[in-house]
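**Student:** Below, each chain spelled out in residue letters.
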Amino acid sequence: MGRLIRNALMMLLVMTVITGLVYPLVATGVAQVLFPHQANGSLVERDGKPIGSELIGQSFTDPKYFWGRPSATTPQPYNGTGSNGSNQGPSNPALHDAVQQRIDALHAADPGNTAPVPADLVTASGSGLDPEITPAAAQYQIARVARVRNVSVDQVQKLVTQATQGRQLGLLGEPRVNVLQLNLALDGLQQR
Amino acid sequence: MTANDFIQIGMYLVVLLLLIKPMGRYMAHVFADEPNRITRFGGGVERVIYRVCGIKSDEDMSWKRYAVAMLAFNVCGMLAVYLFQRTQQWLPLNPQHFPALSPDLSINTAISFITNTNWQAYSGESAMSYLTQMAALAVQNFMSAATGIAVLIAVVRGFARKTTKGIGNFWVDLTRTTLYILMPISFVLAMLLVSQGVIQNLKPYVDVPVVQTSTYANPVTDAAGNPVKDAQGNPETKPTPLTTQTLPMGPAASQIAIKMLGTNGGGFFGANSAHPYENPTPFSNFLEMLAIFLIPGGLCITFGEMVGDRRQGWAILATMLVIFIPLTIGVTAAEQAGNPILHSLSIDQHASALQSGGNMEGKETRFGVAASSLFTAITTAASCGAVNNMHDSLTPLGGLVPMWLMQLGEVVFGGVGSGLYGMLAFAVVAVFIAGLMVGRTPEYLGKKIEAYEMKMASLAVLIPCALVVICTAIAVMTPVATATVGNPGAHSFSEILYTVTSATNNNGSAFGGLSANIPFWNVMLSVCMFWARYTLAIAMLALAGSVAAKKHVPASAGTLPTHTPLFVTLLTSVVIIVGALTFLPALALGPIAEYLMSAH
Chain R
1 MGRLIRNALM
11 MLLVMTVITG
21 LVYPLVATGV
31 AQVLFPHQAN
41 GSLVERDGKP
51 IGSELIGQSF
61 TDPKYFWGRP
71 SATTPQPYNG
81 TGSNGSNQGP
91 SNPALHDAVQ
101 QRIDALHAAD
111 PGNTAPVPAD
121 LVTASGSGLD
131 PEITPAAAQY
141 QIARVARVRN
151 VSVDQVQKLV
161 TQATQGRQLG
171 LLGEPRVNVL
181 QLNLALDGLQ
191 QR
Chain A
1 MTANDFIQIG
11 MYLVVLLLLI
21 KPMGRYMAHV
31 FADEPNRITR
41 FGGGVERVIY
51 RVCGIKSDED
61 MSWKRYAVAM
71 LAFNVCGMLA
81 VYLFQRTQQW
91 LPLNPQHFPA
101 LSPDLSINTA
111 ISFITNTNWQ
121 AYSGESAMSY
131 LTQMAALAVQ
141 NFMSAATGIA
151 VLIAVVRGFA
161 RKTTKGIGNF
171 WVDLTRTTLY
181 ILMPISFVLA
191 MLLVSQGVIQ
201 NLKPYVDVPV
211 VQTSTYANPV
221 TDAAGNPVKD
231 AQGNPETKPT
241 PLTTQTLPMG
251 PAASQIAIKM
261 LGTNGGGFFG
271 ANSAHPYENP
281 TPFSNFLEML
291 AIFLIPGGLC
301 ITFGEMVGDR
311 RQGWAILATM
321 LVIFIPLTIG
331 VTAAEQAGNP
341 ILHSLSIDQH
351 ASALQSGGNM
361 EGKETRFGVA
371 ASSLFTAITT
381 AASCGAVNNM
391 HDSLTPLGGL
401 VPMWLMQLGE
411 VVFGGVGSGL
421 YGMLAFAVVA
431 VFIAGLMVGR
441 TPEYLGKKIE
451 AYEMKMASLA
461 VLIPCALVVI
471 CTAIAVMTPV
481 ATATVGNPGA
491 HSFSEILYTV
501 TSATNNNGSA
511 FGGLSANIPF
521 WNVMLSVCMF
531 WARYTLAIAM
541 LALAGSVAAK
551 KHVPASAGTL
561 PTHTPLFVTL
571 LTSVVIIVGA
581 LTFLPALALG
591 PIAEYLMSAH
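Residue numbers (full-length UniProt numbering), protein chains in the order written: chain R, 1 to 192; chain A, 1 to 600.
Think of the hints as simulated: they come from the structure by calculation, not from any bench.
Heads up, the beta-carbon is just placed ideally off N, CA and C, and yes, glycines get one too.
Treat the hints with care, since some could be wrong.
Unchecked claim - Derived DEER-like restraints, expressed as beta-carbon distance ranges: (1) R/161 <-> A/217: 35 to 43 Å; (2) R/114 <-> A/229: 37 to 45 Å; (3) R/161 <-> A/92: 24 to 32 Å.
What the hints assert, rightly or not - Straight-line Cα separation of at most 27 Å, BS3-like style, residue types lysine-lysine; simulated pairs: (4) A/203 <-> R/49; (5) A/448 <-> A/64; (6) A/203 <-> A/448; (7) A/455 <-> A/21; (8) A/165 <-> A/551; (9) A/238 <-> R/64.
As the list claims (entries may be wrong) - Selected chain A positions facing chain R (Cβ under 8 Å, derived; list incomplete): (10) 271; (11) 450; (12) 513; (13) 517.
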């Protein structure tokens, strides 16, 4: 019995070194050489300074920007250090009310638009950091963004098309529009 | 359901089935008694490890010694994980200066990770140092997976061998699993994940200025950190400008690779595989889903190879698929139909070329309904527990599927190793029932199934069932537990049932609205996780020891062949009937009641 426990302790020590230190550190080294951009968070830089990540959404509530998925993180939306969904059950009245409020906010920003709101634009994402919306949610907002910014719908449509990614390898996942990149492109449009 | 839903499910199954066979054959070589190319290649490293640890690698252990070695190793692992969490504030690689975790949370996390459950009552990015993640949690991702596979291989040896006491050497099985199976595949998978955008670094968190500044309602706390409440008892808030966002960093990819491959499921971040840094693209999602089933599926083939009849392995795999596929279609159909209580609002939940539609609460845009539902079915069929969408926000019937897949005992693929040894317990019960029908002593794989084997198999089948039912009953009678639910009505019962089910069956996914980090849950779930994991493993090792000592009985005209569609049907029925009889009443109070109430 004593030998077994000695074996167990030594085995744990050896395996901790192999799988807990050597493996992750070698993986870090190789990743930093092969894929430095991705391994360090896919940061978007402007003037050499990071201003966000391609993969992490930000909160947009101004009508001149495309809005992303509602975020349930606390205390602030899109809290990078507190990823979480709302965890509201399907029959929870609070979910019904929250969706209604989000629809109302969209209507207030764009009273003329009476089309039904694409589901993803009024339901909280799983991570609270979803960087993307569906093409349907982008189309829904194009007229508003163009009007507020005083640019043509065609110009905005073009930027949305550029920011849209199809299914990966033509098959996997869903088509989607990166909100941060689209909004940065919109801001760039006006500076020119 | 849409055509896209079927395409995504179909493509996954095709690629999986192509990978399973070579994977299974490879693992059979790893555990072969005779030396071969694989074990010679790594023989030098193996010998060094055995010498350093003082292990006699040629010792053929009895089932009792095998079980004691397994338990001793796992308990040592538990103590190590506990100590890392309690001392991380003094240890290196803690750039965010996280303090020690509470004792009850630490013990819960430690048991959770040694048992391959990975139930998480903490959120990684705001609680765990990089060192704790790497050297405590990820190590147990490897070790708990290797333990499960080792026990399974010992059980299979019991059936394959004749008139012997030994069922192998735990240390050798553990070392070979880690060196030849888990580490190499994890490394390749980690690099593929990084290429998609999963992070892998040791840097402190990065602050970035946000593009659009805004204000948010920040809860006010007093000097002790407790929330301040106003006269009506609502938390007081003050408007706070939101000008920066903090991006989490860390060695995520290396841990996520083994978390999927070892069916552990413990996320590096709180949102698990819904987090864009943990699962950034549809392709990374596809890889993660493949990694979950790769070893549990492959082990069916390994089993067939080791008992000398490949058809036996295919029959078990067929049984798993017969249960898995309809339930996957069930959860996808339920989610694609959308949330009925939102239909009255001005909202579009229909699938079109521009959106997946359906119930998008708790789901990520890049995965939509199809890739989220498929992930949900896979992660709960296997006892993985990683999530790429929030299960608490699934539709009532969509949430019933993952709950029931766990309640079937995690034998539909199941955890690495543990899923298959659980299924073998059901197979023993199935041949016994068939034997009763014709009045013959049942046999499985040429071994007579007698009273002792039946006792062990019955224990393995019934212990998780009993624990779930009893502990759910205790929880709903305990006010501190019922106060932790996050949703009203029937759904609150679903949250409690899901919690106990997930911990007991070593899954680890959650209906996350329930606030589980209180001493009651931390302690009770620790007991559930520990008991279910080790009583089951020990019962199956005892069964293996018993059948290993038996003679091989040649098949006769009266033997029930166990590789035929008839046996697949019988085994499927036994799994379904045990799961349905035990849990339908409880499910009727939770998801089924919620469905009926929200349908109209």
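**Student:** For each hint, tell me whether it holds in the structure or not.
**Tutor:** Against the structure, the hints come out as follows:
1. R/161 <-> A/217: 35 to 43 Å: Holds, at about 36 Å.
2. R/114 <-> A/229: 37 to 45 Å: holds, 41 Å
3. R/161 <-> A/92: 24 to 32 Å: violated, 48 Å
4. A/203 <-> R/49: At roughly 16 Å apart (the allowed maximum being 27 Å), residue 49 of chain R and residue 203 of chain A satisfy the hint.
5. A/448 <-> A/64: Holds. Residue 448 of chain A to residue 64 of chain A sits at ~21 Å (cutoff 27 Å).
6. A/203 <-> A/448: Roughly 59 Å separates the two Cα atoms, so the pair is violated.
7. A/455 <-> A/21: violated, 33 Å
8. A/165 <-> A/551: With a Cα-Cα distance of about 12 Å, the restraint between residue 165 of chain A and residue 551 of chain A holds, given a limit of 27 Å.
9. A/238 <-> R/64: holds, 26 Å
10. 271: Hint holds; residue 271 of chain A Cβ to chain R Cβ min 4 Å, cut 8 Å.
11. 450: violated, 30 Å
12. 513: holds, 4 Å
13. 517: violated, 13 Å
Of the hints listed earlier, those the structure fails to meet are numbers 3, 6, 7, 11, 13, in rising order.
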